[in-house]
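Trainee: Below are the chains, spelled out letter by letter.
Protein chains: 2
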Amino acid sequence: MTTKRIAFLGPEASFTHLATKSLFQEDVLVPIRTIPECIEAVANGEVDIAVVPLENALEGTVPLTIDYLFHEAELFVTAELISPIEQHLMVHPSNEERWEEMTTVYSHPHALAQCHKYLYYRFGKVPLEQSSSTAAAAKYVSENEDLCIAAIGNTSAATEYGLKIVEHNIHDFHFNHTRFFVISKKNDCIVRDGHTDQVKTTVMITLPKDDRSGALHQVLSVFAWRQLNLSKIESRPLKTGLGQYFFIIDVLEDEKKPMMIGAIEELKSLGCGVKSLGSYYTYETKNEAIRS
Amino acid sequence: MTTKRIAFLGPEASFTHLATKSLFQEDVLVPIRTIPECIEAVANGEVDIAVVPLENALEGTVPLTIDYLFHEAELFVTAELISPIEQHLMVHPSNEERWEEMTTVYSHPHALAQCHKYLYYRFGKVPLEQSSSTAAAAKYVSENEDLCIAAIGNTSAATEYGLKIVEHNIHDFHFNHTRFFVISKKNDCIVRDGHTDQVKTTVMITLPKDDRSGALHQVLSVFAWRQLNLSKIESRPLKTGLGQYFFIIDVLEDEKKPMMIGAIEELKSLGCGVKSLGSYYTYETKNEAIRS
Numbered sequence: 001m002t003t004k005r006i007a008f009l010g011p012e013a014s015f016t017h018l019a020t021k022s023l024f025q026e027d028v029l030v031p032i033r034t035i036p037e038c039i040e041a042v043a044n045g046e047v048d049i050a051v052v053p054l055e056n057a058l059e060g061t062v063p064l065t066i067d068y069l070f071h072e073a074e075l076f077v078t079a080e081l082i083s084p085i086e087q088h089l090m091v092h093p094s095n096e097e098r099w100e101e102m103t104t105v106y107s108h109p110h111a112l113a114q115c116h117k118y119l120y121y122r123f124g125k126v127p128l129e130q131s132s133s134t135a136a137a138a139k140y141v142s143e144n145e146d147l148c149i150a151a152i153g154n155t156s157a158a159t160e161y162g163l164k165i166v167e168h169n170i171h172d173f174h175f176n177h178t179r180f181f182v183i184s185k186k187n188d189c190i191v192r193d194g195h196t197d198q199v200k201t202t203v204m205i206t207l208p209k210d211d212r213s214g215a216l217h218q219v220l221s222v223f224a225w226r227q228l229n230l231s232k233i234e235s236r237p238l239k240t241g242l243g244q245y246f247f248i249i250d251v252l253e254d255e256k257k258p259m260m261i262g263a264i265e266e267l268k269s270l271g272c273g274v275k276s277l278g279s280y281y282t283y284e285t286k287n288e289a290i291r292s
Numbered sequence: 001m002t003t004k005r006i007a008f009l010g011p012e013a014s015f016t017h018l019a020t021k022s023l024f025q026e027d028v029l030v031p032i033r034t035i036p037e038c039i040e041a042v043a044n045g046e047v048d049i050a051v052v053p054l055e056n057a058l059e060g061t062v063p064l065t066i067d068y069l070f071h072e073a074e075l076f077v078t079a080e081l082i083s084p085i086e087q088h089l090m091v092h093p094s095n096e097e098r099w100e101e102m103t104t105v106y107s108h109p110h111a112l113a114q115c116h117k118y119l120y121y122r123f124g125k126v127p128l129e130q131s132s133s134t135a136a137a138a139k140y141v142s143e144n145e146d147l148c149i150a151a152i153g154n155t156s157a158a159t160e161y162g163l164k165i166v167e168h169n170i171h172d173f174h175f176n177h178t179r180f181f182v183i184s185k186k187n188d189c190i191v192r193d194g195h196t197d198q199v200k201t202t203v204m205i206t207l208p209k210d211d212r213s214g215a216l217h218q219v220l221s222v223f224a225w226r227q228l229n230l231s232k233i234e235s236r237p238l239k240t241g242l243g244q245y246f247f248i249i250d251v252l253e254d255e256k257k258p259m260m261i262g263a264i265e266e267l268k269s270l271g272c273g274v275k276s277l278g279s280y281y282t283y284e285t286k287n288e289a290i291r292s
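Chains as they are written, first to last, in UniProt numbering: chain G, 1 to 292; chain H, 1 to 292.
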């Protein structure tokens, strides 16, 4: 196995970084500041692979990832990573004693949303400020010792930026996980130790142009009568006007199996646009592993 | 018609404010800083109605709105507003001459995403900062004359905060619109001049607990055989774990019609959870109107 260049949504110590380290221990990891730039780095050949967040169990799909894969790039998913998400409140060590007097809380919008009830009921009047990632929020707090402000993020961000965690696990719902896509120019499913048994295929579908009533029902019928299990269906705007969507469907089957080949051919015959992102395995990260 | 108190996602001059003014000319408009607080203000009886963004033609659903209506509140949709969205780049008048040297661009994450290509290709190296609304970004720029920074927002924000628009219509895709929900404790459809002909019902559905294969297909069959047209289907996480969703379906029919009553009864018999947000009309705002 040769060493590869792996882009991830940075900065260092972001949740994406932790997930990326769990699958790519031997490679060169390159932090990139936005999702579109991560995806473009693979498309341009600057890196071999990019790891980007796809979906959080609480906040849902990360629209930039899905939209960029649909509208902008001819790329494939070669694996998915699933990591547990635990959010903690952290301050600069100089402010540890008076943290409850904090004047502003910084974090990624998803992290702020994941801790909405905690923040609302404990600190209803404290303004929230959005940052580009939880790690960026931690970095900002570490650079502003004179301000009594707090960040929400993971333990690794606290370690990386020398912050003190003053409240652990402030997220409102437990069992929170994030899915990450491992993206490449080549449709090469990554097969390593520790993957789950179930192979999955992600397909993006546009409905026939005549937009007849029940078209989505017809699409689902193609999968239903073949007993192909869907683990997810999601709609995203086509960007051509309100009410026009494409659909992202995860099917629990390999795209090379006869039933899947038949289903995709049938969808095309119905006048649907179909783009398969490939078939891939899932790798689950444990908290203990990502903390080490 | 008595005067009502109408909350909207503020601050003044936000896109939500413009849309709200178009339907409620005679009422007291109350700016509220977050979507959950707007919705809670209706639930608590502090206001009679709240207007919140639901969906943008480019960025898709606003998750906070959908999630709050599903998880937290027993409220109804009494109307929907659709407004065109045009984004402009604006700076403090003192920086008009040297605007291309701007060091940071501020706006709401959706507005930044809507202008992604423009920003990326014209100003690839300029950092982007997220603010809670386009109007908040304009306000910040107006208060920081000494910084050469820019905001992205609407013409009304430029007027309100005394900024100079240096590039018009920098959004990447045209025909961009946003849908807003007009929310109340009472299931009273708002009927005024100028509504579109088509009545719409929004229904939130959870699948049966046994999670059998093809359950969503079965749900859509309930509507399909009755020739009930769906204008939208969207999935959102149930917040109980990855892969568990509820569905938001817009049906082009009144919930009081026999076919709809039958469909909802049948869904319940299948073991689905069904929550109707009510039936409502659409009011479209013209740009000329919202600029006046």
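To be clear, the hints were calculated from the coordinates, so they are not data collected in a lab. You may find that some hints are simply not true.
[Claimed, not checked] Simulated crosslink set (DSS-like; lysine-lysine; CA at most 30 angstroms straight-line):
1. K268(H) <-> K286(H)
2. K268(G) <-> K164(H)
3. K125(G) <-> K209(H)
4. K4(H) <-> K286(H)
5. K21(G) <-> K125(H)
6. K117(G) <-> K257(H)
[Unchecked claim] A short list of chain G residues far from chain H (calculated; beta carbon distances all over 12 angstroms):
7. E40
8. I66
9. D67
10. E72
11. D172
12. K185
13. N187
14. T206
15. A224
16. G241
17. I248
Ideal Cβ positions, reconstructed from N, Cα and C, are used throughout, including at glycine.
Trainee: K185(G) clear of chain H by more than 12 angstroms, beta carbon to beta carbon?
Mentor: holds, 21 angstroms
Trainee: Beyond 12 angstroms on every Cβ pair: is that true for D67(G) relative to chain H?
Mentor: Answer for D67(G): violated, closest chain H Cβ roughly 8 angstroms.
Trainee: If we take the beta carbon of N187(G), is the closest beta carbon in chain H still more than 12 angstroms away?
Mentor: holds, 24 angstroms
Trainee: Confirm or reject the statement that E40(G) sits farther than 12 angstroms, beta carbon to beta carbon, from all of chain H.
Mentor: violated, 9 angstroms
Trainee: Are K268(H) and K286(H) close enough, with their CA atoms no more than 30 angstroms apart?
Mentor: The hint is violated at about 40 angstroms.
Trainee: Does the claim that E72(G) lies outside the interface with chain H hold up, using a Cβ gap greater than 12 angstroms?
Mentor: E72(G) is in fact no farther than 12 angstroms from some Cβ atom of chain H, at 9 angstroms.
Trainee: Is the Cα-Cα distance between K4(H) and K286(H) 30 angstroms or less?
Mentor: Satisfied, since the Cα-Cα distance of roughly 24 angstroms is no more than 30 angstroms.
Trainee: Can you confirm whether the C-alpha distance between K268(G) and K164(H) stays at or below 30 angstroms?
Mentor: Given that 30 angstroms is the threshold and the Cα spacing comes to 50 angstroms, the pair is violated.
Trainee: Does the claim that T206(G) lies outside the interface with chain H hold up, using a Cβ gap greater than 12 angstroms?
Mentor: The claim stands: T206(G) keeps its Cβ more than 12 angstroms from every Cβ of chain H (closest is about 14 angstroms).
Trainee: Was I66(G) rightly flagged as not at the interface, with every chain H Cβ beyond 12 angstroms?
Mentor: violated, 9 angstroms
Trainee: With d taken as the least Cβ-Cβ distance between G241(G) and chain H, does d exceed 12 angstroms?
Mentor: Per Cβ check, G241(G) is inside 12 angstroms of chain H; nearest 5 angstroms; violated.
Trainee: D172(G): least C-beta distance to chain H exceeds 12 angstroms?
Mentor: With a cut-off of 12 angstroms, D172(G) comes too close to chain H, as the shortest Cβ separation is near 8 angstroms.
Hints 1, 2, 3, 6, 7, 8, 9, 10, 11, 15, 16, 17 from the earlier list are contradicted by this structure; the remaining hints agree with it.
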